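J.: Line order of the protein sequences matches chains A and B. Under our numbering, think of the first position of the first sequence as 1, with each following residue one higher. Under our numbering, think of the first position of the second sequence as 1, with each following residue one higher.
Read the hints as simulated data drawn from the structure, not as lab findings. A quick note: this is a predicted structure, and the numbers were derived from the prediction, not measured. Any given hint could be a false lead.
What the hints assert, rightly or not - Below, in silico cross-link-like pairs of lysine-lysine (DSBU-like), each with a Cα-Cα straight-line distance of 30 Å or less:
{"id": "1", "chain 1": "A", "residue 1": "K51", "chain 2": "B", "residue 2": "K20"}
{"id": "2", "chain 1": "B", "residue 1": "K361", "chain 2": "A", "residue 2": "K67"}
{"id": "3", "chain 1": "A", "residue 1": "K354", "chain 2": "B", "residue 2": "K107"}
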Amino acid sequence: MQLAVWTYEGPPHVGAMRVATAMDGIHYLLHAPQGDTYADLLFTMIERRGKRPPVTYTTFQARDLGKDTSELFQDAARDSIERFKPDAMLVGASCTAELIQDDPAGLIEKMGLPIPIVPLELPSYQRKESWGASETFYQIVRNLVDKNIRPEPKEGLNGKRRPLVNLLGPTALGFRHRDDVVEITRLLHAMGINVNVTAPLGANMADIQRLGAADFNIVLYPETGEMAADFLKREFGQPKVTTVPIGVNATQDFVREVAALADIDPSPMLAEGQSRMGWWSRSVDSNYLTGKRVFIFGDASHAVAAARVAHEEMGFKVCGLGCYNREYARDIRAAAKLYDVEPLITDDHLAVEKAIEEAHPELVLGTQMERHIAKRCGIGCSVISSPVHVQDFPARYSPHMGFEGANVLFDEWVHPLVMGLEEHLLTMFRDDFEFHDGAGASHLGPGHSAAKAAKTETHSPTANDVQKSADAAPAANPTDGLIMWSADADKELKKIPFFVRGKARRNTETFAAEQGLETIELATLYEAKAHYAR
Amino acid sequence: MNAPLPINGQASGDCAPVLKERGQREVFCGLTGIIWLHRKMQDAFFLVVGSRTCAHLLQSAAGVMIFAEPRFATAIMEERDLAGLADANEELDRIVDQLLERRPEIKSLFLVGSCPSEVIKLDLAKAAQRLGAKHAPLVRVINYSGSGIETTFTQGEDACLASLVPIMPRSAPDAEKSLLLVGSLPDIVEDQFMRLLAELGIRNVASLPERAVADLPAIGSNTHYLLAQPFLGDTGQALDERGAKHISALFPFGVEGTSNWLRAAAAVFDIDPAHVEAVLAPYQLRAEKALAHQREKLAGKSIFFMPDSQLEVPLARFLSRELGMVLTEVGTPYLHRGHLAEELTLLPGHVQLSEGQNVDKQLDRVRAEKPDLTVCGLGLANPLEQEGLSTKWAIELVFSPIHGFDQAGDLAELFARPLRRRDVLRV
Numbered sequence: 001m002q003l004a005v006w007t008y009e010g011p012p013h014v015g016a017m018r019v020a021t022a023m024d025g026i027h028y029l030l031h032a033p034q035g036d037t038y039a040d041l042l043f044t045m046i047e048r049r050g051k052r053p054p055v056t057y058t059t060f061q062a063r064d065l066g067k068d069t070s071e072l073f074q075d076a077a078r079d080s081i082e083r084f085k086p087d088a089m090l091v092g093a094s095c096t097a098e099l100i101q102d103d104p105a106g107l108i109e110k111m112g113l114p115i116p117i118v119p120l121e122l123p124s125y126q127r128k129e130s131w132g133a134s135e136t137f138y139q140i141v142r143n144l145v146d147k148n149i150r151p152e153p154k155e156g157l158n159g160k161r162r163p164l165v166n167l168l169g170p171t172a173l174g175f176r177h178r179d180d181v182v183e184i185t186r187l188l189h190a191m192g193i194n195v196n197v198t199a200p201l202g203a204n205m206a207d208i209q210r211l212g213a214a215d216f217n218i219v220l221y222p223e224t225g226e227m228a229a230d231f232l233k234r235e236f237g238q239p240k241v242t243t244v245p246i247g248v249n250a251t252q253d254f255v256r257e258v259a260a261l262a263d264i265d266p267s268p269m270l271a272e273g274q275s276r277m278g279w280w281s282r283s284v285d286s287n288y289l290t291g292k293r294v295f296i297f298g299d300a301s302h303a304v305a306a307a308r309v310a311h312e313e314m315g316f317k318v319c320g321l322g323c324y325n326r327e328y329a330r331d332i333r334a335a336a337k338l339y340d341v342e343p344l345i346t347d348d349h350l351a352v353e354k355a356i357e358e359a360h361p362e363l364v365l366g367t368q369m370e371r372h373i374a375k376r377c378g379i380g381c382s383v384i385s386s387p388v389h390v391q392d393f394p395a396r397y398s399p400h401m402g403f404e405g406a407n408v409l410f411d412e413w414v415h416p417l418v419m420g421l422e423e424h425l426l427t428m429f430r431d432d433f434e435f436h437d438g439a440g441a442s443h444l445g446p447g448h449s450a451a452k453a454a455k456t457e458t459h460s461p462t463a464n465d466v467q468k469s470a471d472a473a474p475a476a477n478p479t480d481g482l483i484m485w486s487a488d489a490d491k492e493l494k495k496i497p498f499f500v501r502g503k504a505r506r507n508t509e510t511f512a513a514e515q516g517l518e519t520i521e522l523a524t525l526y527e528a529k530a531h532y533a534r
Numbered sequence: 001m002n003a004p005l006p007i008n009g010q011a012s013g014d015c016a017p018v019l020k021e022r023g024q025r026e027v028f029c030g031l032t033g034i035i036w037l038h039r040k041m042q043d044a045f046f047l048v049v050g051s052r053t054c055a056h057l058l059q060s061a062a063g064v065m066i067f068a069e070p071r072f073a074t075a076i077m078e079e080r081d082l083a084g085l086a087d088a089n090e091e092l093d094r095i096v097d098q099l100l101e102r103r104p105e106i107k108s109l110f111l112v113g114s115c116p117s118e119v120i121k122l123d124l125a126k127a128a129q130r131l132g133a134k135h136a137p138l139v140r141v142i143n144y145s146g147s148g149i150e151t152t153f154t155q156g157e158d159a160c161l162a163s164l165v166p167i168m169p170r171s172a173p174d175a176e177k178s179l180l181l182v183g184s185l186p187d188i189v190e191d192q193f194m195r196l197l198a199e200l201g202i203r204n205v206a207s208l209p210e211r212a213v214a215d216l217p218a219i220g221s222n223t224h225y226l227l228a229q230p231f232l233g234d235t236g237q238a239l240d241e242r243g244a245k246h247i248s249a250l251f252p253f254g255v256e257g258t259s260n261w262l263r264a265a266a267a268v269f270d271i272d273p274a275h276v277e278a279v280l281a282p283y284q285l286r287a288e289k290a291l292a293h294q295r296e297k298l299a300g301k302s303i304f305f306m307p308d309s310q311l312e313v314p315l316a317r318f319l320s321r322e323l324g325m326v327l328t329e330v331g332t333p334y335l336h337r338g339h340l341a342e343e344l345t346l347l348p349g350h351v352q353l354s355e356g357q358n359v360d361k362q363l364d365r366v367r368a369e370k371p372d373l374t375v376c377g378l379g380l381a382n383p384l385e386q387e388g389l390s391t392k393w394a395i396e397l398v399f400s401p402i403h404g405f406d407q408a409g410d411l412a413e414l415f416a417r418p419l420r421r422r423d424v425l426r427v
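Put together the whole structure using the sequences plus the hints.
T.: Pasting the structure below:
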């Protein structure tokens with residue numbers, strides 16, 4: 001057993017729902033007790049879908065157990081085919097149905113139904129949501145693809161045809177999948193490449209059948225698309241592109257990889273000016289971004305991609321990197337080596353919270369859980385990965401992939417930080433009545449920073465009650481006998497802008513402790529500043 | 001399956017025949033009650049013994065309410081726990097030790113059964129005994145089931161409260177007559193009721209649940225209990241078994257329901273009816289004023305209840321009698337004839353009652369009926385809105401303070417808001 005207060009991933013059948021809901025004409029018959037229908041609200045509320053997920057739950061109760069759960073299942077199968085008239089049906093069990101061992105696949109086979117059936121085996125007590133989505137998509141492809149369809153010859157009567165690709169991996173409830181697909185499709189079109197099929201998002205059975213017509217596959221989201229891509233490689237010999245095009249540099253690598261497979265010239269797409277991101281980052285206002293400490297956590301693909309952008313394109317210092325999906329832990333370990341940090345592979349959000357507190361980041365890039373953690377710690381946060389909440393399905397177009405995606409990343413990551421110009425003003429006018437500590441940054445609205453600054457301090461592990469009492473009664477430190485702040489030093493500390501004061505305090509205290517000092521004098525403050533200068 | 005079936009084979013005079021359906025149910029399971037129960041009982045921790053699905057349900061239904069570490073969690077069973085029950089019990093003990101070490105402030109621990117724990121027949125009653133003995137006297141360990149194969153949404157609270165009844169202290173046989181309010185209410189509402197009951201002259205009032213499990217009130221043959229919620233069938237039965245007496249009344253929604261509920265209690269305590277009316281009058285007046293605003297918007301509008309919380313029948317009665325709404329179908333997951341006896345007599349004759357659910361067939365009826373407002377769960381609300389039908393999320397009726405005189409206006413407003421929004425939007 002594992003004690004969980006909150007989980008990054010749902011059970012694997014929710015992953016199957018993400019695939020079924022993304023597609024057209026595919027119904028999912030789920031052998032499940034009442035209550036499992038809660039999963040519908042993920043799609044209708046969080047993603048604001050205007051249609052119910054195409055899922056029929058058999059809804060067995062205690063009194064059905066041992067009697068007629070299999071009959072219930074078969075009735076539900078017939079009813080849903082009659083009502084929804086799907087082109088194909090997925091059948092599987094949720095965690096409870098797995099235990100009663102009704103064997104949905106066997107039951108269905110006996111019925112001789114008029115449509116293709118894709119049986120799913122998703123072990124609920126071993127696997128999780130992303131794997132469930134990946135496995136489901138793979139089974140759909142394996143069962144439904146037309147093995148006789150192959151790419152047209154490259155040279156036809158009308159000359160050379162355009163290269164044709166499949167985009168694999170986008171699902172329902174995926175973080176920015178809707179817009180990433182649009183952005184990458186545009187990019188490919190601009191390169192002279194056509195998209196054969198995008199799947200699962202928006203695909204129907206006919207689309208799945210003709211996957212073999214593509215020259216190669218692009219795996220946008222390895223977590224959900226890679227198994228199917230590997231199958232297509234084995235079955236059709238279609239190569240796969242696995243560079244995740246998040247950030248300017250990764251998008252350029254993606255362009256090169258795609259161009260090589262398509263046998264076209266990548267240079268027009270590699271020219272300056274495809275994205276504003278580079279200039280926005282080089283322009284002087286962005287100087288202040290240099291060396292900002294950023295902690296990154298999410299699904300492995302998004303986390304690794306974000307780390308590269310943070311390091312190469314924003315000039316941040318990656319101070320923590322991790323993922324919750326062990327299946328891709330190897331990628332995180334490799335990336336962590338690049339940035340000289342300890343990889344954090346865990347699905348326990350409390351461990352993530354602890355790591356964040358210890359790393360003292362100035363920005364957190366994570367999932368909705370890291371947003372909550374960052375809020376508690378008073379640190380800015382931007383969301384880069386599932387799982388996400390309703391506010392992460394924006395009405396506007398906001399991809400994370402491709403050149404426009406890089407622009408979006410710049411905006412979204414800079415927004416939670418105090419702006420460069422504003423930082424200067426705050427320093428210049430810090431004694432001004434409108435710029436007092438409690439006033440906060442203007443773009444965050446009233447009442448933001450005072451509480452945040454205080455919280456940052458109280459949440460850091462090296463900080464303790466000392467700080468609260470020190471703020472109330474300068475230089476007095478009744479609860480901690482180790483390190484005292486002299487009145488002068490404390491007064492000087494207060495002159496430091498509030499948004500860096502917590503760090504200054506921590507650094508000074510750590511420095512003093514290392515030096516074996518009992519009292520922090522004015523000079524200690526500046527010695528520590530010199531010591532930590534970067 | 002579609003044919004209306006009279007309950008108990010005899011047509012009773014109290015209401016129309018009930019349509020009983022089976023099929024897919026679009027409802028939460030009983031685990032969901034933990035979301036409000038853990039807020040109410042502040043010394044308690046709820047440990048679900050279940051699967052990743054259970055954990056995912058709780059966080060999805062609650063939204064992400066993790067602003068502090070919550071007092072609920074899931075012991076997620078894994079492959080090796082299914083290998084043998086001995087191992088599962090050992091694992092559970094380990095998890096409980098780990099939890100109690102981390103949260104030493106916990107005084108009561110609920111082990112909550114789930115679908116998977118029920119199916120593998122993990123005996124949580126025995127586990128509660130074992131763990132209770134181990135951690136006594138610091139922590140009391142109690143168990144109940146919130147599984148979807150046995151409970152629907154608010155039945156989880158019923159199961160939880162029923163599990164508390166056997167451990168309530170016994171009151172002395174000659175104890176003074178006392179009143180027990182049963183059903184978890186938001187603190188603000190509970191306090192209002194306490195003040196009102198005191199004004200009426202009823203002393204010795206306690207609640208189940210109290211704000212701490214440690215403060216469970218005593219109970220005996222001198223206890224009279226008044227249900228604040230309509231979904232407490234098992235709790236009522238457990239109280240009966242302890243000798244307590246049920247006060248039959250309407251449920252305290254709206255002016256009529258709240259007045260009737262308080263009058264019924266006052267009658268048992270032999271309070272002079274003239275005094276009762278004098279006390280209630282200013283509250284009734286205030287509530288009626290608040291309702292008048294909403295009545296303009298709601299009168300004549302039709303409403304369809306999908307089954308959700310078992311609050312449907314009393315709410316339908318309130319909407320129909322005090323706000324002039326037209327009831328089409330009133331669906332409820334479970335119809336407790338006994339506790340709803342007074343409510344059912346007040347429903348208009350034409351109303352279609354339904355129990356259980358076949359969600360697809362019921363949605364067909366919604367589409368045919370085209371009600372002005374459909375009360376339904378979160379999984380159905382946006383799809384119906386997309387079809388042009390206004391909806392009210394049922395879950396808000398469970399999470400918001402809606403009982404009593406001073407919430408009557410708010411309760412009506414919950415139904416009026418979706419309609420008003422529809423009127424103001426030009427997009």
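J.: What are the numbers of the hints that this structure violates, sorted from low to high?
T.: No hint contradicted; all consistent.
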